[in-house]
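Undergrad: Sequence:
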Amino acid sequence: MRMHFCFALLLGSLTIYKQELILLKVNVKKTLAKYGYLPDQQALATNMVLEQAKRYGNEWSQKRATYDAGGGASLLD
Numbered sequence: 001m002r003m004h005f006c007f008a009l010l011l012g013s014l015t016i017y018k019q020e021l022i023l024l025k026v027n028v029k030k031t032l033a034k035y036g037y038l039p040d041q042q043a044l045a046t047n048m049v050l051e052q053a054k055r056y057g058n059e060w061s062q063k064r065a066t067y068d069a070g071g072g073a074s075l076l077d
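Counting from 1, one number per residue, gives the positions in the sequence shown under the numbering used here.
To be clear, the hints were calculated from the coordinates, so they are not data collected in a lab. Hints may contain errors.
[What the hints assert, rightly or not] Listed below are the simulated BS3-like cross-link pairs for lysine-lysine, each with C-alpha atoms no more than 30 Å apart in a straight line:
1. Lys18 x Lys30
2. Lys25 x Lys54
3. Lys54 x Lys34
4. Lys18 x Lys54
5. Lys54 x Lys29
6. Lys18 x Lys29
7. Lys54 x Lys30
[Said to hold, decoys possible] Pairwise CB distance ranges (calculated):
8. Glu20 x Met48: 16 to 24 Å
9. Gly36 x Ser61: 16 to 24 Å
10. Tyr17 x Gln62: 28 to 36 Å
11. Asn58 x Lys18: 16 to 24 Å
12. Leu23 x Ser61: 15 to 23 Å
13. Asp40 x Lys63: 35 to 43 Å
14. Lys34 x Gln62: 27 to 35 Å
15. Leu38 x Ser61: 30 to 38 Å
16. Gln62 x Leu24: 16 to 24 Å
17. Lys63 x Pro39: 34 to 42 Å
18. Trp60 x Lys25: 19 to 27 Å
19. Glu59 x Tyr17: 15 to 23 Å
20. Glu59 x Leu38: 27 to 35 Å
It should be emphasised that the depicted structure is a prediction, and the values quoted were computed from it without experimental measurement. Even glycine gets a Cβ: it sits at the ideal position worked out from N, Cα and C.
Between the sequences and the hints, there should be enough to build the whole structure, so can you do that?
TA: In structure tokens:
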């Protein structure tokens, strides 16, 4: 029973992650269109923005974990 609950939580968070990723892609594409990116350039630019967001997210979450653990690191470093 416990394993089933953990698996359900994992699937739920993966579903939320996918939904958030889709919304982020839509917002990036809208922003690119707003600033005049051509449709054939939008796919490459969207992937680049999402990759940068993943990298920054990993970096910021590590800094936050250090800060929360009492390491005193600033999120602005």
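Undergrad: Against this structure, judge whether each hint is valid.
TA: Now the hints, each set against the structure:
no., hint, result
1, Lys18 x Lys30, "18 Å, holds"
2, Lys25 x Lys54, "13 Å, holds"
3, Lys54 x Lys34, "23 Å, holds"
4, Lys18 x Lys54, "13 Å, holds"
5, Lys54 x Lys29, "17 Å, holds"
6, Lys18 x Lys29, "17 Å, holds"
7, Lys54 x Lys30, "19 Å, holds"
8, Glu20 x Met48: 16 to 24 Å, "18 Å, holds"
9, Gly36 x Ser61: 16 to 24 Å, "33 Å, violated"
10, Tyr17 x Gln62: 28 to 36 Å, "18 Å, violated"
11, Asn58 x Lys18: 16 to 24 Å, "18 Å, holds"
12, Leu23 x Ser61: 15 to 23 Å, "19 Å, holds"
13, Asp40 x Lys63: 35 to 43 Å, "37 Å, holds"
14, Lys34 x Gln62: 27 to 35 Å, "32 Å, holds"
15, Leu38 x Ser61: 30 to 38 Å, "34 Å, holds"
16, Gln62 x Leu24: 16 to 24 Å, "21 Å, holds"
17, Lys63 x Pro39: 34 to 42 Å, "36 Å, holds"
18, Trp60 x Lys25: 19 to 27 Å, "20 Å, holds"
19, Glu59 x Tyr17: 15 to 23 Å, "18 Å, holds"
20, Glu59 x Leu38: 27 to 35 Å, "31 Å, holds"
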